[in-house]
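There are 2 protein chains.
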Amino acid sequence: MTTLQVGLLGFGTVGAGVARLLIDSADRIRDRLGMGLNLKYVADIDLTTDRGVRLAAGVLIDDAERVVNDPEVDIVIEMIGGEGIAKTLILQAIANGKQVVTANKALLAKHGKELFQAADRKGVDLAFEASVGGCMPVIKTLRESLVGNRINGMGGILNGTCNYILSRITDEGIDFREALAKATEAGYAEADPTLDVEGFDTAHKLAILTSLAYGTEVDFDDIFIEGITQITPLDIDFARQFGYRIKLLAISKNHGDRVEARVHPTMIPEGNLLSTISGSLNALNISGDAVGDVMLYGHGAGMMPTASAVVGDVVDIARNLSRGATGRVPLRSFQPDKIGRIPIVSVEELVTHYYFRFTVKDQPGVLSTISGILGEYGISIQSVQQKGRKSSGAVPVVMLTHRAREADVQKAFRRIEALDVVDEKPMLIRLEDNGGID
Amino acid sequence: MTTLQVGLLGFGTVGAGVARLLIDSADRIRDRLGMGLNLKYVADIDLTTDRGVRLAAGVLIDDAERVVNDPEVDIVIEMIGGEGIAKTLILQAIANGKQVVTANKALLAKHGKELFQAADRKGVDLAFEASVGGCMPVIKTLRESLVGNRINGMGGILNGTCNYILSRITDEGIDFREALAKATEAGYAEADPTLDVEGFDTAHKLAILTSLAYGTEVDFDDIFIEGITQITPLDIDFARQFGYRIKLLAISKNHGDRVEARVHPTMIPEGNLLSTISGSLNALNISGDAVGDVMLYGHGAGMMPTASAVVGDVVDIARNLSRGATGRVPLRSFQPDKIGRIPIVSVEELVTHYYFRFTVKDQPGVLSTISGILGEYGISIQSVQQKGRKSSGAVPVVMLTHRAREADVQKAFRRIEALDVVDEKPMLIRLEDNGGID
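Going line by line, the protein sequences match chains V and Y. The first sequence begins at 1 in the numbering used here and counts up one residue at a time. The second sequence begins at 1 in the numbering used here and counts up one residue at a time.
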């Protein structure tokens, strides 16, 4: 029996979780893997903060380059995050022939092609299960378990912060600011929550999933992204009256020659399992031609759930190393020469159902004016609700539409917004009766 | 690029699905695997039934032995089922150095040790993702993704027939016989539904999961099994009044030196995600020390979902073959010399909450007599409900208990059954507030 040497870059929360799990479960891993994993280095610029993990003498260093350049290190785990030094170190590790594990979704979403090509050229593994869905094995399921399927689509709740905030707004009727404050207090939101609440984090994950599901390169900028900051208790309440919940969904659909990839608040029916996912939990529904729908559900983030996914990757790589089978599963799901570039449908071309909320002056003829304009653009209304008068004298008019083209909706909205009888900017929420995977 | 030769044993529903998927998705599999899979043989005793799958000339044969003995065949897929000829053929294939894929849960649950030891000795892979949970990647998740975790427990709905029947009883208030008839009509129940409705199929799957989760040999006869034939609309209705649903659960808990492994109708809270799994769908909740809870959900059976899992296994094995990495993941999750024999707790030792329903004569003092007997055995009552009088003059008395020992419950029941004021056999349903994984 031999032992593999592991070097960890980054000793923050998740890095500390990885170190702890590698140390605490060393015996179990050996019993399953048939060889040992030794945590040779943990590199971090902060050598003083106590992370509650007992490292052997000499393991904690402040020199990350030493980790990626030490010929004895077999596997490098990157837990630094961001697109700067993390990228440089990963590329250096690959150049030195080391296997790499990362959870860095932003980096993979934006620079994945460069990193994967470098790893393919060098013939090393670059594993990233922890980058999407935390402990849920979404990458392994897409790359391995569903290999016989044409993936038709995916719909998922992939950001615990947003789901926590939306759950609080739904359950307590508080507004976005208050719910965000509660999320921060509960430790579910970062000091700067922009990446989460504006939908970018979800979009990073969607870019990775879309690439793996269809064997395509994804330009991150092609993904339509809308966050949850505009969602009000009023909209959540109307949604509920129509039998819907509002979730921030990552949606991907395979149209063969084109794919959809979009992130936005989405109304889904109460009966859909995704609508029951509450609090900080994540879930991903994958639809395949053979498999039907399969859903994964669990903690999408957090110290130990993420560490669990990272250690799964490390053991996978160790299994490859011990058998000389590195590169056994192609990094991007398809063989490198089979990866195409399928265009992503722009949001203007999107055809779906919509929820509209207009705030209008409470006077006769308004509804007829608005529905007239919608009609001009071919947008037909499925149902309308009008609620009690606001103190300002303005009332909300709420509509669900039949399927309509987003470009037409935007044009109609510009006309409607300009009406004298319309106060405030109209609200629009896209609706997916099948949780994003029809 | 080379091509691997695949031989399929059994051309029934699932076998036909596997053949169809291998043929229809050949190009996609090649793009991902980097090599081709050729379906060289399909063996079945029935050469005449049209399965809707176009096989090349000479592929369909009636001689299964030719498949397992042909030196050109690399991978044998066993889709015959049962414990007779299937076992003989698998052992012969292994003896000939072939890799094997099977979905045969009954065979693995009862003869797994012999088969796995034969495969280990010969150094071949024996894959069985499709044996549990159909398309849900439960085996891969347990063996690979969660490798860093101590598995604390599992709770699952693993039989679509039972879940369909219980859903119909719940939704329509019909009795078991009627619901079974509807399941048969809808194609969800076999001509002989015993294996399903008596809980044996679920127990076969639980035996496999328990073995993989904890690295232990499981004697199938040690698993406590109770089916759903005694469940009445009345009990489902009472359960609902207490805020519970009734599901046939596979439950496994890790107590370190002992494990629980049991299958029985179980009351779980409405808020638990497992209680929302309806119809023929399956779900498995796995609890690990790092991961927290992770749940998989999807079609637990059916032609193409099962075929999807089989093809996933075939590709996994092909990846190993192409890299000389056969045996890369130990068949039973742990290295063969690390597999122990952890005793399974007998049902008498079980300590849990219970639902009781007694049918009693509507006269004073009955409740006091019953609760007195329960008290003698240390069983304390959490809540009691009594419903309207039955036409016979007997009324149901329903109770939820605090935690009690099953042996005590059984002793108390024998005393209570013997009372003159008690009609019918009392009903007992075990209750799991955490869906079986606390």
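Hints may contain errors.
Here are some chain V residues the structure puts well away from chain Y; computed CB gaps all over 12 Å [said to hold, decoys possible]:
| id | residue |
| --- | --- |
| 1 | E129 |
| 2 | K338 |
| 3 | L419 |
Listed below are the simulated EDC-like cross-link pairs for lysine to aspartate or glutamate, each with C-alpha atoms no more than 20 Å apart in a straight line [what the hints assert, rightly or not]:
| id | chain 1 | residue 1 | chain 2 | residue 2 |
| --- | --- | --- | --- | --- |
| 4 | Y | K338 | V | D423 |
| 5 | V | K361 | V | E349 |
| 6 | Y | K338 | Y | D423 |
| 7 | V | K361 | V | E348 |
| 8 | Y | K87 | Y | D50 |
| 9 | Y | K425 | Y | D438 |
| 10 | Y | K110 | Y | D120 |
| 11 | Y | K338 | V | E424 |
| 12 | Y | K182 | Y | D192 |
| 13 | V | K338 | Y | D24 |
| 14 | Y | K411 | Y | D337 |
| 15 | Y | K361 | Y | D235 |
| 16 | V | K338 | Y | D192 |
| 17 | Y | K110 | Y | D24 |
| 18 | V | K338 | Y | D27 |
| 19 | Y | K338 | V | D24 |
| 20 | Y | K361 | Y | D420 |
| 21 | V | K110 | V | D31 |
| 22 | Y | K361 | Y | D423 |
| 23 | V | K110 | V | D24 |
| 24 | Y | K122 | Y | D62 |
| 25 | Y | K87 | Y | E198 |
| 26 | V | K113 | Y | D235 |
| 27 | Y | K113 | V | D31 |
I should point out that these hints are in silico values taken from the structure, not numbers from a laboratory. Built from N, CA and C at the ideal position, the CB exists for glycine as well.
Comparing the hints with the structure gives:
1. E129: violated, 7 Å
2. K338: Violated, because the least Cβ-Cβ distance between K338/V and chain Y comes to about 4 Å, which does not exceed 12 Å.
3. L419: holds, 43 Å
4. K338/Y / D423/V: Violated - the C-alpha atoms of D423/V and K338/Y are around 71 Å apart, more than 20 Å.
5. K361/V / E349/V: Roughly 32 Å separates the two Cα atoms, so the pair is violated.
6. K338/Y / D423/Y: Violated, at about 52 Å.
7. K361/V / E348/V: violated, 29 Å
8. K87/Y / D50/Y: Violated. K87/Y to D50/Y sits at ~26 Å, over the 20 Å cutoff.
9. K425/Y / D438/Y: violated, 30 Å
10. K110/Y / D120/Y: holds, 18 Å
11. K338/Y / E424/V: violated, 67 Å
12. K182/Y / D192/Y: holds, 14 Å
13. K338/V / D24/Y: holds, 18 Å
14. K411/Y / D337/Y: Violated: K411/Y and D337/Y sit about 42 Å apart, past 20 Å.
15. K361/Y / D235/Y: holds, 18 Å
16. K338/V / D192/Y: Violated. K338/V to D192/Y sits at ~47 Å, over the 20 Å cutoff.
17. K110/Y / D24/Y: Outside the cut-off at roughly 34 Å; violated.
18. K338/V / D27/Y: Status holds; Cα separation ~11 Å.
19. K338/Y / D24/V: The hint holds at about 18 Å.
20. K361/Y / D420/Y: holds, 9 Å
21. K110/V / D31/V: At roughly 38 Å apart (the allowed maximum being 20 Å), D31/V and K110/V break the hint.
22. K361/Y / D423/Y: holds, 7 Å
23. K110/V / D24/V: violated, 34 Å
24. K122/Y / D62/Y: violated, 27 Å
25. K87/Y / E198/Y: Distance ~24 Å between K87/Y and E198/Y Cα, so the pair is violated.
26. K113/V / D235/Y: violated, 57 Å
27. K113/Y / D31/V: holds, 18 Å
Violated hints for the displayed structure, listed by number in ascending order: 1, 2, 4, 5, 6, 7, 8, 9, 11, 14, 16, 17, 21, 23, 24, 25 and 26.
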